[in-house]
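Please construct the entire structure, taking both the sequences and the accompanying hints into account.
Protein chains: 2
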Amino acid sequence: MADEKKLTTRAEDFANWYNEVVLRAELADYSPVRGSMVIRPWGYGIWELMQRALDDMFKETGHENAYFPLLIPMSFIEREKDHIEGFAPELAVVTQGGGKELEEPYAIRPTSETIIYSMYSKWVQSYRDLPVLMNQWANVMRWEMRTRLFLRTSEFLWQEGHTAHATPEEAEEETLLILGLYRRFMEEWMGMPPLTGLKTDSERFAGAVRTYALEALMQDNKALQAGTSHFLGQNFAKQFDLKFQSEEGQEEYAWNTSWGVSTRLVGGLVMTHGDDAGLVLPPKLAPTQVVIVPILRGDTTGPVLEKADEVAARLRGQGVRVKLDAREHLSPGSKYYEWERKGVPFRIEVGPRDLEQGQLALARRLTPEGAKRKEFLPEAQAIAELPERLDAFQVELRGAAVARRDANTVRGVNSIEELAEALDGGAGFVMTGWSGDPAVEDAVKERTKATPRVLLGEEFRSPETPTKCVSGHGDSVAEVAWARAY
Amino acid sequence: MADEKKLTTRAEDFANWYNEVVLRAELADYSPVRGSMVIRPWGYGIWELMQRALDDMFKETGHENAYFPLLIPMSFIEREKDHIEGFAPELAVVTQGGGKELEEPYAIRPTSETIIYSMYSKWVQSYRDLPVLMNQWANVMRWEMRTRLFLRTSEFLWQEGHTAHATPEEAEEETLLILGLYRRFMEEWMGMPPLTGLKTDSERFAGAVRTYALEALMQDNKALQAGTSHFLGQNFAKQFDLKFQSEEGQEEYAWNTSWGVSTRLVGGLVMTHGDDAGLVLPPKLAPTQVVIVPILRGDTTGPVLEKADEVAARLRGQGVRVKLDAREHLSPGSKYYEWERKGVPFRIEVGPRDLEQGQLALARRLTPEGAKRKEFLPEAQAIAELPERLDAFQVELRGAAVARRDANTVRGVNSIEELAEALDGGAGFVMTGWSGDPAVEDAVKERTKATPRVLLGEEFRSPETPTKCVSGHGDSVAEVAWARAY
Numbered sequence: 012m013a014d015e016k017k018l019t020t021r022a023e024d025f026a027n028w029y030n031e032v033v034l035r036a037e038l039a040d041y042s043p044v045r046g047s048m049v050i051r052p053w054g055y056g057i058w059e060l061m062q063r064a065l066d067d068m069f070k071e072t073g074h075e076n077a078y079f080p081l082l083i084p085m086s087f088i089e090r091e092k093d094h095i096e097g098f099a100p101e102l103a104v105v106t107q108g109g110g111k112e113l114e115e116p117y118a119i120r121p122t123s124e125t126i127i128y129s130m131y132s133k134w135v136q137s138y139r140d141l142p143v144l145m146n147q148w149a150n151v152m153r154w155e156m157r158t159r160l161f162l163r164t165s166e167f168l169w170q171e172g173h174t175a176h177a178t179p180e181e182a183e184e185e186t187l188l189i190l191g192l193y194r195r196f197m198e199e200w201m202g203m204p205p206l207t208g209l210k211t212d213s214e215r216f217a218g219a220v221r222t223y224a225l226e227a228l229m230q231d232n233k234a235l236q237a238g239t240s241h242f243l244g245q246n247f248a249k250q251f252d253l254k255f256q257s258e259e260g261q262e263e264y265a266w267n268t269s270w271g272v273s274t275r276l277v278g279g280l281v282m283t284h285g286d287d288a289g290l291v292l293p294p295k296l297a298p299t300q301v302v303i304v305p306i307l308r309g310d311t312t313g314p315v316l317e318k319a320d321e322v323a324a325r326l327r328g329q330g331v332r333v334k335l336d337a338r339e340h341l342s343p344g345s346k347y348y349e350w351e352r353k354g355v356p357f358r359i360e361v362g363p364r365d366l367e368q369g370q371l372a373l374a375r376r377l378t379p380e381g382a383k384r385k386e387f388l389p390e391a392q393a394i395a396e397l398p399e400r401l402d403a404f405q406v407e408l409r410g411a412a413v414a415r416r417d418a419n420t421v422r423g424v425n426s427i428e429e430l431a432e433a434l435d436g437g438a439g440f441v442m443t444g445w446s447g448d449p450a451v452e453d454a455v456k457e458r459t460k461a462t463p464r465v466l467l468g469e470e471f472r473s474p475e476t477p478t479k480c481v482s483g484h485g486d487s488v489a490e491v492a493w494a495r496a497y
Numbered sequence: 012m013a014d015e016k017k018l019t020t021r022a023e024d025f026a027n028w029y030n031e032v033v034l035r036a037e038l039a040d041y042s043p044v045r046g047s048m049v050i051r052p053w054g055y056g057i058w059e060l061m062q063r064a065l066d067d068m069f070k071e072t073g074h075e076n077a078y079f080p081l082l083i084p085m086s087f088i089e090r091e092k093d094h095i096e097g098f099a100p101e102l103a104v105v106t107q108g109g110g111k112e113l114e115e116p117y118a119i120r121p122t123s124e125t126i127i128y129s130m131y132s133k134w135v136q137s138y139r140d141l142p143v144l145m146n147q148w149a150n151v152m153r154w155e156m157r158t159r160l161f162l163r164t165s166e167f168l169w170q171e172g173h174t175a176h177a178t179p180e181e182a183e184e185e186t187l188l189i190l191g192l193y194r195r196f197m198e199e200w201m202g203m204p205p206l207t208g209l210k211t212d213s214e215r216f217a218g219a220v221r222t223y224a225l226e227a228l229m230q231d232n233k234a235l236q237a238g239t240s241h242f243l244g245q246n247f248a249k250q251f252d253l254k255f256q257s258e259e260g261q262e263e264y265a266w267n268t269s270w271g272v273s274t275r276l277v278g279g280l281v282m283t284h285g286d287d288a289g290l291v292l293p294p295k296l297a298p299t300q301v302v303i304v305p306i307l308r309g310d311t312t313g314p315v316l317e318k319a320d321e322v323a324a325r326l327r328g329q330g331v332r333v334k335l336d337a338r339e340h341l342s343p344g345s346k347y348y349e350w351e352r353k354g355v356p357f358r359i360e361v362g363p364r365d366l367e368q369g370q371l372a373l374a375r376r377l378t379p380e381g382a383k384r385k386e387f388l389p390e391a392q393a394i395a396e397l398p399e400r401l402d403a404f405q406v407e408l409r410g411a412a413v414a415r416r417d418a419n420t421v422r423g424v425n426s427i428e429e430l431a432e433a434l435d436g437g438a439g440f441v442m443t444g445w446s447g448d449p450a451v452e453d454a455v456k457e458r459t460k461a462t463p464r465v466l467l468g469e470e471f472r473s474p475e476t477p478t479k480c481v482s483g484h485g486d487s488v489a490e491v492a493w494a495r496a497y
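Protein sequence lines correspond, in order, to chains B and U. Per the numbering used here, the very first residue in the first sequence carries number 12; after that it's consecutive. Per the numbering used here, the very first residue in the second sequence carries number 12; after that it's consecutive.
Please note: incorrect hints may appear among the correct ones.
[Claimed, not checked] Now the stretches of chain B that chain U is said to cover, found in silico as 3 or more residues with beta-carbon under 8 Å:
no. : segment
1   : 89 to 99
2   : 132 to 146
3   : 310 to 321
[As the list claims (entries may be wrong)] Dumping the calculated DSS-like pairs for lysine-lysine here, alpha-carbon to alpha-carbon at most 30 Å:
no. : chain 1 : residue 1 : chain 2 : residue 2
4   : B       : K133      : B       : K70
5   : B       : K254      : B       : K70
6   : U       : K254      : B       : K334
7   : U       : K460      : B       : K16
8   : U       : K346      : B       : K346
No lab work stands behind these hints: they were computed from the structure. Keep in mind the model is a prediction, meaning the values are calculated, not measured. Here a beta-carbon is modelled for each residue, glycine too, at the ideal position from N, C-alpha and C.
Right, dumping it as structure tokens:
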């Protein structure tokens, strides 16, 4: 249905704007189940495109999909001590099955390290069985008190990769391979350029030795943790007896990694590219890349529809995802409004006049400064050029996001006070030196609400890497990107 | 690892044979979670191919994917009285979340009619919002006491379609559209030709008005219910207030359908085509269609591997899914054995002699009677012919399954005693007349353990449709296919 009430603007209230876009673009809806949402077809269509792209990348790098149980015996989760400490407060617990109280309760998986490594221990005997490179697409559940559509819900969809290796070097390499793969996906598919690097000990995954993360800057200048890749060492292998006989005949514990991204990415996409008219989708992740709206009037309806059909077929023939919106009870204006709100990159209008003149009207979801909102192009040219125009649109969105991230990143800050000023002045990421002392994290958090998002990897470090800790005490051991975060 | 112990044969013990094939072809494994299994990459790869094919068919017929919550408030499930009666004994119940006892417990979805139609009631106002044609790929949970890998597990993966329509005719048409779609999938992709038709009242889905089913005959002559498509009438619409304003301005309840197939299909595939050497996969659903085994010996290893690589690349270029098995610690014989057990349709061997003679050895997973197990073909010919040989293999498997089903179907049976004799004599399906009296179902079940699998649809009825009920009492109102079933 047409719903032409204006959205809250981003400047007025970013959080409300976000919710309204998600609801009114029909990406998702609230459900009667506390903390769970419904992903509607438009949102799920985006997720399917994300899945397909990531899945192809996983498979190209030798990973296989599998599926492990939803329920995990409580005793499994309790075995790795950091793991249970981290996840205990978030568990949903099944205590009854088939009409009876269960002897041992099950947790709905909050993540699957425990059940998966218990299975690997059954399958792996020798170094020849390594590496094991598996991934699963699944739902997980982490009981949340304050939920936000896509960003934080009790149930969410994700993929979780779990690998086992013969050496720590190989496992570390895998962790970084996936970090790079995620980064490429976020940059090339989502147009959402993240910072990457290590998490501090206080922010690392419950049970990991090292956690690498991808942190993207949203339009409100808050950071979104968009993915993580963990080097688990032998923590889980030891608890689940995941051993192998090495080439030298020794019995050794395997080295594990795990890594995941979730439907949270859809929220990141909204907050990276959306504007005050609604969602803006990068073409690679748009379920519909081009919508065709025929202008249906009196006795020209037949030929106009016929032309619209033909244009749709020719675009499909070029691999473009097209929708022909021939609904009769809506005005063209209502349709424009609806598809803009849903973020479709291009719109083609076909009316009786266009038919006469052999032209099509082409409108872009975002108009570059100074350009016309709508262009009239000869039909053949419009069709021929659309694939490259879609590519160009993709590149522009990414470029704008990179420029925004860089423009909102502040370097050269030398005290917690300056850090607070920068953030209060609207900065996104603030890069400083850090001594490695967790007390500094606490002090910064208390003063500014910002947390260390990552210890910057080589490619993101400042040209002049800070030598002093932002606290004023001690030398810097790592450059930190601080930000307020989702 | 190589595991060369022979399988139990089908003749010795079909149930054991089945379990051994599933485990040793690495389709699935038992898990530490009661009633749940792990789907291993080889089994999941088959499921992914099934998903892709079905998903394309759903989308071609106008359906969209969405995702609804895993947890369903108990009060929702209780609202439709037949529904709760049917599902109550099978529910897994979450009573704790985030460390607290929940005020209202949640069931893990055994199926999603209730939660989905409650959402539709929010989205649908007018006839213009209809039909709603959605599908979800999800895990569901039905607590089972006696489980069988793939065939009956507490948790399983499936798709469930849920649609809403303005008229009962349109909903009935949808129910049959999907029944036909499933049948086409099972025939053309799985080579598993099902009977289709209505379920009797006693076998229908809890909450449906009519249930259509697809029943396939396994090699032990037991029937497997492979899919169902339900006409739900207004049963759920009334409980969940799913109303719309009709074109005439009246407020009316919508008409619903639901339909699903599950990972059970993987079990059906095993029991339809497998033989005493293991799994046999129809090429369309084989994660690997052709395995290349290089014969690695001394100083010819380099050129042989190079040739194997080249052959693999050329086959991939033709759209064939190829695996090159270059593992060094296994003999060629062990590899043959392993890939046969996993059901790969074709194997290519490349050895030093083949290299010299410009030939490849091509072995089929199943050898037609009188044919040679292995053919030596000029390399170019082997590569060029493989796609059509894969197609022919697909057609043969289907043909064999059709012939077996028909050979094991008995018609012209006129009493319960004759029905029992036919079944004891090894019949699969036995077709008889039926008066519509449920007491006859009970009598047959008690005497023979067979149940009415379906009331046969037009295309499966006997040329001379029975006029009398098999009980000897009353006229026949429908021809029934009886069978013992999984």
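Hints, verified against the model:
1. Restraint check on the segment 89 to 99 of chain B versus chain U: 1 residues with Cβ-Cβ distances below 8 Å, three needed, restraint violated.
2. Residues of the segment 132 to 146 of chain B lying with their CB closer than 8 Å to a CB of chain U number 7, which satisfies the three-residue condition for coverage.
3. Counting residues of the segment 310 to 321 of chain B whose C-beta sits closer than 8 Å to any C-beta of chain U gives 0, which falls short of three, so the coverage hint is violated.
4. For the suggested pair K133/B and K70/B, the alpha carbons sit about 24 Å apart, so the restraint of at most 30 Å is met.
5. About 26 Å separates the Cα atoms of K254/B and K70/B, which keeps this hinted pair within 30 Å; it holds.
6. Distance restraint check for K254/U and K334/B: the Cα-Cα separation of roughly 28 Å lies within the 30 Å cut-off, and the hinted pair is therefore satisfied.
7. About 63 Å separates the Cα atoms of K460/U and K16/B, which puts this hinted pair outside 30 Å; it is violated.
8. With a C-alpha separation of about 59 Å, the suggested pair K346/U and K346/B falls outside the 30 Å cut-off, and the hint is violated.
Against the hints set out earlier in the document, violations occur for numbers 1, 3, 7, 8.
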